[in-house]
Amino acid sequence: MNILISSTSGEPIYAQIAGQVRQLILQGELVSGTPLPSIRQLAKDLQISVITTKRAYEELEREGLINSVVGKGSFVSGADQEFIREQRLRIMEGKLKEIIDESRLLGMEYTELAEMLKLLYEEEKE
Amino acid sequence: MSDVIKLQGLSKSYDRFALRDISLGIKEGYITGLIGPNGAGKTSLIKMIMGMVYPDQGDIQLFGKNHLQQQAANKDRIGYVSDENIYYEHLTVKDMKRVIAPFYTRWDEKTYLKYQEKFKLPPGKKIKDLSKGMKIKFSLAVALSHGADLLIMDEPTSGLDPIFRRELLELLSEHIQDEKKSIVFSTHNTSDLDRIADYIVFINEGRLVFNEMRETLTEKYLLVKGGRELLDRDVRHMFIGIRETGVGFEGLIGNRVEGERYFKDTAICEMPTLEEIMYFTVKGSEAHV
Amino acid sequence: MYSSFYLIRKDFILTRKYLLLLLLFYMVIGYSNLESYIVSALFPSMLMLMNACSLDVQHNNQRFLVSLPLPRHQLVLAKYLSLLPYAAISLTCTLLIYLAGVATGRTIEPIAWRELLLVIACFPLLASFYFPLYYWLGQKGMQIVNMIFMMLVMIGYPAIPSVNKKFPGLFDWINSATTDNILLWAIGGMAYLFFIYCSYLISLRVFVKKDI
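Protein chains in written order, with the numbering used here: chain A, 1054 to 1179; chain F, 40 to 328; chain D, 29 to 240.
One or more hints might be untrue.
As a list, the in silico DSSO-like pairs of lysine-lysine whose alpha-carbon atoms are at most 27 Å apart [stated by the list, open to error]:
hint, chain 1, residue 1, chain 2, residue 2
1, D, 168, F, 165
2, F, 133, F, 157
3, D, 238, F, 104
4, F, 86, D, 238
5, F, 133, F, 167
6, F, 104, F, 133
7, F, 167, D, 45
8, F, 104, F, 149
9, D, 238, F, 45
10, F, 45, D, 45
11, F, 259, A, 1125
12, D, 45, F, 133
13, F, 171, D, 168
14, A, 1125, F, 219
15, F, 171, D, 45
16, A, 1125, A, 1107
17, D, 45, F, 86
18, F, 153, F, 219
19, F, 86, D, 237
20, F, 133, A, 1107
21, D, 45, F, 165
22, F, 66, A, 1107
23, F, 157, F, 167
Hints listed in this document are in silico derivations from the structure and should not be mistaken for laboratory results.
The structure displayed is predicted, hence computed values, not measured ones.
Could you put together the complete structure from these sequences and hints?
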């Protein structure tokens, strides 16, 4: 498992950690039951404060992606496929919204955007 | 979460300087950074905790015990790294270690030898011939070898190269892995150690400015950059400190929400760094004198 | 109690090299056949004590001592207790020189026990003046205090013959006084110990709450 922190991205460090772990879980790279590094170990490895990693884990816990057991550490939760699919859809929605905003900046109509999407989708298929 | 150090209304006057009514708690199991400009009172505060200086007023508790009465037992659990060399300069590293070891009930020779090797400490070299970095490493080796539950370090990185600073970060995070050990260090240079600090205690002119969680600290403040025409008498009052130049101003606001509401459309609003918070606070307090 | 032992041990580790110089000093005295107990028994003790004391206040060493897990009064107590080994070393060396003198046939008179013990007993007395000043003045005043005390010892040495002249009976009395007047000895002894104890209390008062 790789977690890489950028100190120039402007995104808070806890959000970077949470985002990358979330990504790994949703992509199926981290499967249910996989132990995550302990909060203090991760803080040590990334040379950041304990509370920053704690905050990242707390956020993932809130989303239901990981479970923390006192004395044992944190694990990828046993959330079912349906739940994970939902989460992934939500991420997709987010990305689509970004694309829509971008297209508006460029003055594109919906039909133009849909055409572009269709073209790319078919290209990928081949 | 309990406090490993608890200060209550601590005051101490010197000829030209005074610590005034400092009350704060240092959390067990975490790293706390004590920041402030030179002469803010960081070393005096540490000396008081180490029993080198007696407060005129106030109360100190360490590990939940009254420190002024239980000093010896408490110090057995403290590792102290001074900003200056406190060891006998003409002794060799080995002899100095022989002097220190018997006083600590939990001294572990094996651990010491491990760190001696790790830090490449030359046992036969005299203390006065060690570089500044080596001296710090020696006091760290001593502190870590008697199983200190609380590590107190006064300016441990001043005058050290970045490579050792990195090593120190590693060592410190290693030290608190068991969730029971705590670290307090002071620094006037916020850019190096503060990234692993969980809590920040900020002292300026002998007074406590804040004692906050590092993670959410910068989110409470707002750094505003804008044109000078925005600043009138009332607006100036919102700022902790302002720096004005010919081409605009930068200022720090203590209440992020309020600041954003006011300046969102007219100026650049950013999250300040710790250094900026320190800079504008000190600047602001100077302006009010 | 253990900590006093280790604090005194620390003083000896610190002054190890100077102790070798002391050996040289005794060899010179032994060779020159100088028979003054002040020179052979008081002077070296005082020198050892002052040396160890000044090393403790140099640089930031006092901060090191205070950072140790000891109550401050232990630091003071250990310094007072360290008078015993210093006195013992001086006494032993003086006796060795005497024995060497006898063995080589250079000394024929019997040893003046009482005079020797009196000089040795002067050492804690002198130190009892020294310590409160030492704790009070710290690093800054140390040099001056050391010089004054060294001068006192030096003046004491040539002063003895003149004391002898003024009070001709004194030394005879010291060397011949019998144990008949036990009461007098007991009172003297008590006063002596009381004086040292008072000095200890003053040193404590000065040092225990001092800012280092």
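- [ ] Sort out which numbered hints this structure fails and list those numbers smallest first.
- [x] 6, 8, 10, 11, 17 and 20
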